[in-house]
Amino acid sequence: QQQVKQSPQSLIVQKGGISIINCAYENTAFDYFPWYQQFPGKGPALLIAIRPDVSEKKEGRFTISFNKSAKQFSLHIMDSQPGDSATYFCAASYNFNKFYFGSGTKLNVKP
Amino acid sequence: GAGVSQTPSNKVTEKGKYVELRCDPISGHTALYWYRQSLGQGPEFLIYFQGTGAADDSGLPNDRFFAVRPEGSVSTLKIQRTERGDSAVYLCASSSRDGSGYTFGSGTRLTVV
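As they're listed, the protein sequences go chains A and B.
Here the first sequence is numbered in the numbering used here, starting from 1237 and rising by one per residue.
Here the second sequence is numbered in the numbering used here, starting from 180 and rising by one per residue.
No wet-lab data here; the hints were simulated from the structure.
Every residue gets a Cβ at the ideal spot worked out from N, C-alpha and C, and that includes glycine.
Keep in mind that a hint or two might mislead.
Calculated cross-link-like contacts (lysine-lysine; reagent style DSBU-like; alpha-carbon spacing at most 35 Å) [to be verified]:
(1) B:Lys-196 with A:Lys-1278
(2) A:Lys-1278 with B:Lys-190
(3) A:Lys-1241 with A:Lys-1294
(4) A:Lys-1342 with B:Lys-196
(5) B:Lys-190 with A:Lys-1294
(6) A:Lys-1293 with A:Lys-1307
(7) B:Lys-194 with A:Lys-1342
(8) A:Lys-1342 with A:Lys-1294
(9) A:Lys-1342 with A:Lys-1307
(10) A:Lys-1293 with B:Lys-194
(11) B:Lys-257 with B:Lys-196
(12) A:Lys-1294 with A:Lys-1304
(13) A:Lys-1241 with A:Lys-1278
(14) A:Lys-1241 with B:Lys-257
(15) A:Lys-1251 with A:Lys-1241
(16) A:Lys-1241 with A:Lys-1307
(17) A:Lys-1346 with A:Lys-1278
(18) A:Lys-1304 with A:Lys-1241
(19) A:Lys-1241 with B:Lys-194
(20) A:Lys-1307 with A:Lys-1278
(21) A:Lys-1346 with A:Lys-1241
(22) A:Lys-1304 with A:Lys-1293
(23) A:Lys-1293 with A:Lys-1251
(24) A:Lys-1294 with A:Lys-1307
(25) A:Lys-1241 with B:Lys-190
(26) B:Lys-194 with B:Lys-257
(27) B:Lys-190 with B:Lys-257
(28) B:Lys-257 with A:Lys-1342
(29) A:Lys-1342 with A:Lys-1304
(30) A:Lys-1293 with A:Lys-1278
(31) A:Lys-1293 with A:Lys-1346
(32) B:Lys-257 with A:Lys-1278
Which stretches of chain A does chain B cover? Using the computed rule of at least three CB atoms under 8 Å from a CB of chain B, they are [what the hints assert, rightly or not]:
(33) 1274–1282
(34) 1335–1342
The following block holds chain B by itself, in its conformation from the complex:
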């Protein structure tokens, strides 16, 4: 596709449940980034992939959060034992290796009730 695609666009889950958020990057982009944006705030970095490997996961808040990119394209952000504080918009971005074409998706709005 022409842009970064994130699914689902909205997800409501109960506290304690497990969720998976999917990101389809722009074709050919080797770098993929996950951010979290809380209401009224700027995006906060979570994790960055270059190819299949996580080059920097310093932004993951705790071990309930995990992300994979097994084939170097689609990525899945996984959240275990969700908490109400996890409610936010989760944004994915992708770029070429040198950072050019850095583009954000529209995000997944996660609500934990």
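Just chain A, with the same shape it has in the complex:
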């Protein structure tokens, strides 16, 4: 059973637009929800993360919205830039022991 489901698989956004990626999780014991950015040939890099006791977290142009009752969370990238073009993964973990990753969203920001 897939623990974390991510959509869409790919996304094309114009420069300056808003990119939105969604994730849903199964296990209510998860207590940490990060988003990772991955460029080709590189490992995933932490972008932003949230705990389930808050509904939103913002860092610069990146915002996580968290809906505990629906078991869903999303990443919003405001004022998207061509340099944001990468693959984004949501993940969930319990006590940092291991992360369950979504299948990824390939974002292409057109100039």
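Guided by the hints, dock chain B onto chain A, whose structure is given.
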């Protein structure tokens, strides 16, 4: 070093051969994790070390896969009798005991031909 170092960056091996993949964690990080990332997929957990011991090896797909961390720092992932389906990027991550500073390396791309 400043980050998690994985060597080699690329490894091509023949089906049936044995391979070892190395991970050098961030200095001082007690926790070390191995993941496998197949093409177009998210990383999948393999094994997690806290110090020298494997705290959770539930993600290892079968007994051909084994990992060690004898001195609580460098870890080696060992794959016996490699199969074409083992081809993937193997990622290592490390963190402090409480999970802070969780950082991934760039991975080893393993190709079994």
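Okay, the hints, checked on the actual structure:
1. B:Lys-196 with A:Lys-1278: This hinted pair holds, its Cα atoms lying about 26 Å apart.
2. A:Lys-1278 with B:Lys-190: This hinted pair holds, its Cα atoms lying about 16 Å apart.
3. A:Lys-1241 with A:Lys-1294: holds, 22 Å
4. A:Lys-1342 with B:Lys-196: holds, 34 Å
5. B:Lys-190 with A:Lys-1294: Outside the cut-off at roughly 40 Å; violated.
6. A:Lys-1293 with A:Lys-1307: holds, 16 Å
7. B:Lys-194 with A:Lys-1342: holds, 31 Å
8. A:Lys-1342 with A:Lys-1294: holds, 22 Å
9. A:Lys-1342 with A:Lys-1307: With a Cα-Cα distance of about 23 Å, the restraint between Lys-1342 of chain A and Lys-1307 of chain A holds, given a limit of 35 Å.
10. A:Lys-1293 with B:Lys-194: Violated - the C-alpha atoms of Lys-194 of chain B and Lys-1293 of chain A are around 47 Å apart, more than 35 Å.
11. B:Lys-257 with B:Lys-196: Holds, at roughly 11 Å.
12. A:Lys-1294 with A:Lys-1304: holds, 17 Å
13. A:Lys-1241 with A:Lys-1278: Status holds; Cα separation ~23 Å.
14. A:Lys-1241 with B:Lys-257: It holds: about 30 Å lies between the C-alpha atoms, which stays within 35 Å.
15. A:Lys-1251 with A:Lys-1241: Given pair Lys-1251 of chain A, Lys-1241 of chain A holds - Cα atoms ~27 Å apart, limit 35 Å.
16. A:Lys-1241 with A:Lys-1307: holds, 11 Å
17. A:Lys-1346 with A:Lys-1278: Answer holds: Lys-1346 of chain A to Lys-1278 of chain A is near 22 Å, not above 35 Å.
18. A:Lys-1304 with A:Lys-1241: holds, 15 Å
19. A:Lys-1241 with B:Lys-194: The hint holds at about 33 Å.
20. A:Lys-1307 with A:Lys-1278: Satisfied, since the Cα-Cα distance of roughly 29 Å is no more than 35 Å.
21. A:Lys-1346 with A:Lys-1241: holds, 26 Å
22. A:Lys-1304 with A:Lys-1293: With Cα atoms ~14 Å apart, Lys-1304 of chain A and Lys-1293 of chain A stay inside 35 Å; holds.
23. A:Lys-1293 with A:Lys-1251: Given pair Lys-1293 of chain A, Lys-1251 of chain A holds - Cα atoms ~23 Å apart, limit 35 Å.
24. A:Lys-1294 with A:Lys-1307: Judged against 35 Å, a Cα distance of about 19 Å means the pair holds.
25. A:Lys-1241 with B:Lys-190: holds, 31 Å
26. B:Lys-194 with B:Lys-257: holds, 14 Å
27. B:Lys-190 with B:Lys-257: holds, 13 Å
28. B:Lys-257 with A:Lys-1342: holds, 31 Å
29. A:Lys-1342 with A:Lys-1304: holds, 25 Å
30. A:Lys-1293 with A:Lys-1278: holds, 26 Å
31. A:Lys-1293 with A:Lys-1346: Roughly 26 Å between the alpha carbons, so the hint for Lys-1293 of chain A and Lys-1346 of chain A holds.
32. B:Lys-257 with A:Lys-1278: Since the Cα atoms of Lys-257 of chain B and Lys-1278 of chain A sit roughly 22 Å apart, the hinted pair holds (cutoff 35 Å).
33. 1274–1282: Holds: 6 residues of the region 1274–1282 of chain A have a Cβ under 8 Å from chain B.
34. 1335–1342: n = 6 at 8 Å, threshold three: holds.
Comparing the model with each earlier hint shows violations of hints 5, 10; every other hint is respected.
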